[in-house]
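Participant: Protein chains in written order, with this note's numbering: chain A, 78 to 383; chain B, 436 to 758.
No wet-lab data here; the hints were simulated from the structure.
Because the structure is a prediction, the values reported are computed rather than measured.
Mixed in with the good hints, there may be bad ones.
[To be verified] Some, not all, of what chain A presents toward chain B, calculated at C-beta under 10 Å:
# : residue
1 : V161
2 : L171
3 : A176
4 : F178
5 : V183
6 : V310
7 : V358
8 : M367
9 : L371
[Claimed, not checked] Calculated lysine to any residue pairs in the SDA-like style (CA-CA distance at most 25 Å, straight line):
#  : chain 1 : residue 1 : chain 2 : residue 2
10 : A       : K164      : A       : A152
11 : A       : K164      : B       : I741
12 : A       : K164      : B       : L734
13 : A       : K164      : A       : R255
Just so it is clear, CB atoms sit at the ideal spot from N, CA and C, and this is done for glycine as well.
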Amino acid sequence: MQTALFLEQLLNGLQLGVMLFLMAAGLTLIFGVMGLINLAHGSLYMVGAFACAAVAAWSGSFWLGLAASLAAAAAAGAILEVAVIRKLYARDHLDQVLATFALILVFSEGTRWLFGSFPLYLDIPPLLQGTVPLPGGGRYQLYRLAIIGVGIAVAVGLYLLIGRTRLGMRIRAGESDREMIAALGVDVNTLYTVVFALGAALAGLAGALVGALQSVQVGMGEPVLILAFVVIVIGGIGSIRGALAGALLVGVVDTMGRFLLPQAFGLVMAPSQAGLVGGAVASMLIYIVMAVILALRPQGLFGAKA
Amino acid sequence: MRRNITVNIALAALLLAVPLVALWASQPFYVTLATRIAILALAAVGLNIALGLGGLVSFGHAAFFGIGGYAAGILASHAMSGEPLAFGIAGTNQMPLIWLVAVPVAGLAAAAIGAISLRTSGVYFIMITLAFAQMLYYFAISWPAYGGEDGLSMALRNQFPGVNTLRPLPFFLICYALLLAGIGLFAMLRGSRFGAALQAARQNPMRLTAVGIAPYRIRLVSFILSAMLTALAGALYADLNRFVSPSMMSWHMSGELIVLVILGGVGRAFGPLAGAMLFVLMEHYLGGLTERWQLFLGLVLLAVVIFARGGVLGLLAGKARHG
Chain A
78 MQTALFLEQL LNGLQLGVML FLMAAGLTLI FGVMGLINLA HGSLYMVGAF ACAAVAAWSG
138 SFWLGLAASL AAAAAAGAIL EVAVIRKLYA RDHLDQVLAT FALILVFSEG TRWLFGSFPL
198 YLDIPPLLQG TVPLPGGGRY QLYRLAIIGV GIAVAVGLYL LIGRTRLGMR IRAGESDREM
258 IAALGVDVNT LYTVVFALGA ALAGLAGALV GALQSVQVGM GEPVLILAFV VIVIGGIGSI
318 RGALAGALLV GVVDTMGRFL LPQAFGLVMA PSQAGLVGGA VASMLIYIVM AVILALRPQG
378 LFGAKA
Chain B
436 MRRNITVNIA LAALLLAVPL VALWASQPFY VTLATRIAIL ALAAVGLNIA LGLGGLVSFG
496 HAAFFGIGGY AAGILASHAM SGEPLAFGIA GTNQMPLIWL VAVPVAGLAA AAIGAISLRT
556 SGVYFIMITL AFAQMLYYFA ISWPAYGGED GLSMALRNQF PGVNTLRPLP FFLICYALLL
616 AGIGLFAMLR GSRFGAALQA ARQNPMRLTA VGIAPYRIRL VSFILSAMLT ALAGALYADL
676 NRFVSPSMMS WHMSGELIVL VILGGVGRAF GPLAGAMLFV LMEHYLGGLT ERWQLFLGLV
736 LLAVVIFARG GVLGLLAGKA RHG
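Only chain A is shown next, with the shape it has when bound in the complex:
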């Protein structure tokens, strides 16, 4: 039983990590290409979840909802970029933090206005309901395995997109020298809008996928946003490979910490006390990991420069 439970928690950690990767990939791409720190990324995650829940409830199909979440988040991202974000590229980080913090307020209250304060619920599609057996005698939700699969597919897709396509070449060029690619005749404004919309669509996808596991509500993006920031800081800001490594690290460390630490403390103290101390340390664990990594390597694991 212990092995099965251990394996299940490990998979939960991977699933959390993959979901964080979807968020972190967009954030790190936007920072790498445009130098923008976007706190409103969690709002795009929320937009994806709400679009999926609303369309799925209206049409009865989760898959239509999923398509809607991608479209809605990408559209919201593109509009946001053209209307507001574009004015912030030349500003310092302080202005960017503040403006995108303001956007969170606008998005959260706006969504509450449209959908009310009650959470929406999204069902797991029939195709992915049920469980699969695990070695060691446990069973695991098929849907969570599917999320891990989607995450791997997105990671491979991003790798190919950035490494093998013309758009990817421009993105890489934009990361290393913005002025130069503009001088070479690349339409930088469009490139920025496309990158922002791509990041937004990934966030929307993450929101829609997680929406079927949790309730869909205003403010759901904020805890995820902060975790995604921890991920990109650990991985090195601007590096997609770093985002993947950081996301898996954070997902697994957080989940396994909550599972194992109370037991570990149980070896040296009374069980009730151990649960308390273990729980408290576990809830801080990823931040401790981040602080240690940054103290040793201020530029993150895969970061080029501090």
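Dock chain B against chain A, hints included.
Facilitator: Leaving out everything else, chain B in the frame of chain A:
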């Protein structure tokens, strides 16, 4: 420059006049509102030392605000129950003693957090200060001894020798006096040799190093001072609400503190006061008009960032010398 001074004096006088008029018109609620402004402004004056003078965008100052709040709450709860804290230290319900605990504790926390965070810069600094604040936030939530997620309420407001703090006006005057002292400290720091070095560390760390001053140490000291002032405000905030909860440490609080500084005008002594006045008034009046006031707050903030750089004081009193 003269216009600047006039605006500053007018702001300070306005904040003092509001509670006096409110009491005369027997509207004690406005005294509470003015007290809230004074406390938030003090917290933002603290942040302004790191943010405005040092250019250190700390997205985790709520941690220090919360440390101050919890110091007040925990000491008061032990004074109430009569049980000593760890190492046999007795609780207290005397504000000056509470401040003497809250401020150094926040200073120590800031020394530890700053020592690690200041090794990084730019976005990394923003994120690591946020991470440390989240760490304390989750600790406060998951540690049940002092209320955990539900927070800790205080039966009575703590006392100040010779003053009846239960009445709103005397408590306001304590907060107001501390705010003026805080602003005075800020202005003094800015004008001092230390302030000059700190501002140089923001503008051109390389040159500062070349003249033989290490930016790291200057920044660390400013970060600690900044945290201590914010913690003092946190202790007052706990006394104002007679309640402390983890939400004092949430990242929304950190964001709001930055908002106060920017709304008023970065690096200006009276900027946080102007920012806090505007913020609390918007919260109060927009909140009275519509439940969705945060939507409009967001739009106003966006407009300030994009169009009105320099904040309210920038509009009222002209551009700052801040470079």
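Participant: Does the structure break any of the earlier hints, and which numbers would those be?
Facilitator: Every hint satisfied by this model.
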